[in-house]
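Sequences are here, hints too, so could you generate the full structure?
Those sequence lines, one after another, are chains A and E. First residue of the first sequence: 1, per the working numbering; consecutive thereafter. First residue of the second sequence: 1, per the working numbering; consecutive thereafter.
Keep in mind that the hints are not guaranteed to be accurate.
As the list claims (entries may be wrong) - Cut-off 30 Å, straight-line C-alpha distance, at most; resulting in silico cross-link-like pairs (DSSO-like, lysine-lysine): (1) K267(E) x K131(A); (2) K55(A) x K172(E); (3) K118(A) x K172(E); (4) K78(E) x K55(A); (5) K76(A) x K233(A); (6) K131(A) x K2(A); (7) K189(A) x K233(A); (8) K55(A) x K209(A); (9) K206(A) x K29(A); (10) K29(A) x K118(A); (11) K55(A) x K233(A); (12) K76(A) x K172(E); (13) K9(A) x K29(A); (14) K118(A) x K55(A); (15) K2(A) x K55(A).
The set of hints was computed from the structure by calculation and includes no laboratory data. All figures in this text were calculated on a predicted structure; none of them were measured in a lab.
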Amino acid sequence: MKTVIEIDKLGYSYGEGWILNDLSLQIEKGDFVAVIGPNGAGKSTLLRLLAGILKPIQGSIAIFGQDREHFTAWDKIGYVPQNPARQHRAFPISVREVVSLGRLSGGSMFQHYSREDKAAVDDIMERFSLKELAHRKIGELSGGQQQRVYLARAMVRSPELLLLDEPATGVDPDAKEELYTMLGEINRKQGVTIVMVSHDLELAAKVCKNALCLDHNICFWGGVQQALVHRHKHGYFYR
Amino acid sequence: MLEMFSAGFMQRAWLAGLIVAVICPLIGSFLVLRRQSMIGDGLGHIAFAGVAGGALLGAQPVLSAALATVLGALVIEKVRSRLDTFSEMVLAIFFYSGIGLAVIFSSINRMGGFNLSSILFGSLMTISASDLWVVAVLGLFACAFTVMFYRPLQYITFDETSARVAGLPAGKLNVWLAVLTALTVALSMRIVGLLLVSAMMVIPVACALQSAYSFAGTIIGGIVYGIITVTVGLTVSYYADLAPGGTIVLTGTVLFILSCLRQSFAKEEAAPPVACCHHHEVKEHEKG
Numbered sequence: 001m002k003t004v005i006e007i008d009k010l011g012y013s014y015g016e017g018w019i020l021n022d023l024s025l026q027i028e029k030g031d032f033v034a035v036i037g038p039n040g041a042g043k044s045t046l047l048r049l050l051a052g053i054l055k056p057i058q059g060s061i062a063i064f065g066q067d068r069e070h071f072t073a074w075d076k077i078g079y080v081p082q083n084p085a086r087q088h089r090a091f092p093i094s095v096r097e098v099v100s101l102g103r104l105s106g107g108s109m110f111q112h113y114s115r116e117d118k119a120a121v122d123d124i125m126e127r128f129s130l131k132e133l134a135h136r137k138i139g140e141l142s143g144g145q146q147q148r149v150y151l152a153r154a155m156v157r158s159p160e161l162l163l164l165d166e167p168a169t170g171v172d173p174d175a176k177e178e179l180y181t182m183l184g185e186i187n188r189k190q191g192v193t194i195v196m197v198s199h200d201l202e203l204a205a206k207v208c209k210n211a212l213c214l215d216h217n218i219c220f221w222g223g224v225q226q227a228l229v230h231r232h233k234h235g236y237f238y239r
Numbered sequence: 001m002l003e004m005f006s007a008g009f010m011q012r013a014w015l016a017g018l019i020v021a022v023i024c025p026l027i028g029s030f031l032v033l034r035r036q037s038m039i040g041d042g043l044g045h046i047a048f049a050g051v052a053g054g055a056l057l058g059a060q061p062v063l064s065a066a067l068a069t070v071l072g073a074l075v076i077e078k079v080r081s082r083l084d085t086f087s088e089m090v091l092a093i094f095f096y097s098g099i100g101l102a103v104i105f106s107s108i109n110r111m112g113g114f115n116l117s118s119i120l121f122g123s124l125m126t127i128s129a130s131d132l133w134v135v136a137v138l139g140l141f142a143c144a145f146t147v148m149f150y151r152p153l154q155y156i157t158f159d160e161t162s163a164r165v166a167g168l169p170a171g172k173l174n175v176w177l178a179v180l181t182a183l184t185v186a187l188s189m190r191i192v193g194l195l196l197v198s199a200m201m202v203i204p205v206a207c208a209l210q211s212a213y214s215f216a217g218t219i220i221g222g223i224v225y226g227i228i229t230v231t232v233g234l235t236v237s238y239y240a241d242l243a244p245g246g247t248i249v250l251t252g253t254v255l256f257i258l259s260c261l262r263q264s265f266a267k268e269e270a271a272p273p274v275a276c277c278h279h280h281e282v283k284e285h286e287k288g
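Set out below in structure tokens:
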């Protein structure tokens, strides 16, 4: 099995104490990992470190065999930030414009959409049932629809690794289930490796393969079903 | 209306105003959508210090203002990118320091060398052909910059974090945008005044935002509102014999109020008749 993410003795601090300390693990190709844990345990910090938004203070992260700090295979990663819908409520941008942005990648300042880009956007809009919403302003959509748009933006470059920071926040229960089902299909049918920060272990257990419980370091790392049993027995998992 | 344009100074004033009406909303759209509406105003304070410092050293006021605002913009960008919290507080301190420096330079300089009123309010009616060329070149540069880097600029404006994750050179784009904003403030200042430059960066964009459904629509709408604002403002100024800077800004304010009203009427018309249905349901219930 090919290793997609390799974390070695990772440490990160915002100034007062370690939010992540001496964390080491490997995530293999095709895995779907739910990252769970109490508030302030370092879940989002880990995801931001994987996405390259933060730089490790200690240790290292390698993605697809490349050191994260010198990473250049931008097309291989898709990212959905935490609750983007809330901050963009009044922003004048259409659904199609948001999805199209996902085609931009790499270090050049000169970037325009090619025919291939437009075809890829058309295709993903169709697959994610967004065609009817193409010209609607993103802020006018429901939480579930908005997350579908952000997921489409992340998937429009056909990435091999998808990083999601609490994608179901602000989404109603039905849309949440639909979103998780969609993620499960992306993982199973397209073989995309997914790392997802989640608050809902039960719902995540329906689609995820493994669970990583954090509380500044690893509390549990293994199969998601075992994680449910483990929590039931030991009771220290956050819910 | 045509009589107004028979005079050469009015033709130059209108042309300069039109160029500013294009440049300011073009750059201002990115600033307003990044919640940096006050940056033009703040850079104006720094430009003022640049003019006063230049006058003290015997330098060209436009050049010294351009140098001060570009340096100021680069420092502001550095502060903004480094500080997550309270960055606006540090920026405010920076801006007030700019006006403080300007006052000190003015008090040291007893030789004169610049006209405070023309810096604050511009001198649209006394524009020379060379002034016009300066803003025309700036306008071309601003349009070329926006067209060339439009997509990455759109991405960093909408979601800078995701743009960085995708590998876009957000830092470089932010620096270029800051430099262009600084040059727009410094070079347009002599023509339309510091107050009008920052107003033209914000008010037309605010008008366009009321009805825009896309990013491009906001920029184009901002430019259209900018052109209307300058044309109507200058016409009022000519016939009512009022200061053009003031009439242009107030025309913009009136347009903003009208665009808000239009939008709220449109929303009311589009909203489902909730009260009516409720009333109907009650009546049905009473019947039952």
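Here is what the structure says about each hint:
1. K267(E) x K131(A): Measuring from Cα to Cα gives roughly 24 Å; hence the hint holds.
2. K55(A) x K172(E): holds (19 Å)
3. K118(A) x K172(E): holds (26 Å)
4. K78(E) x K55(A): holds (18 Å)
5. K76(A) x K233(A): violated (38 Å)
6. K131(A) x K2(A): Between K131(A) and K2(A) the Cα gap is close to 36 Å, so the pair fails against 30 Å, i.e. violated.
7. K189(A) x K233(A): violated (34 Å)
8. K55(A) x K209(A): Distance of about 28 Å is within 30 Å: holds.
9. K206(A) x K29(A): Given that 30 Å is the threshold and the Cα spacing comes to 19 Å, the pair holds.
10. K29(A) x K118(A): Between K29(A) and K118(A) the Cα gap is close to 29 Å, so the pair holds against 30 Å.
11. K55(A) x K233(A): violated (36 Å)
12. K76(A) x K172(E): holds (23 Å)
13. K9(A) x K29(A): holds (21 Å)
14. K118(A) x K55(A): violated (34 Å)
15. K2(A) x K55(A): holds (24 Å)
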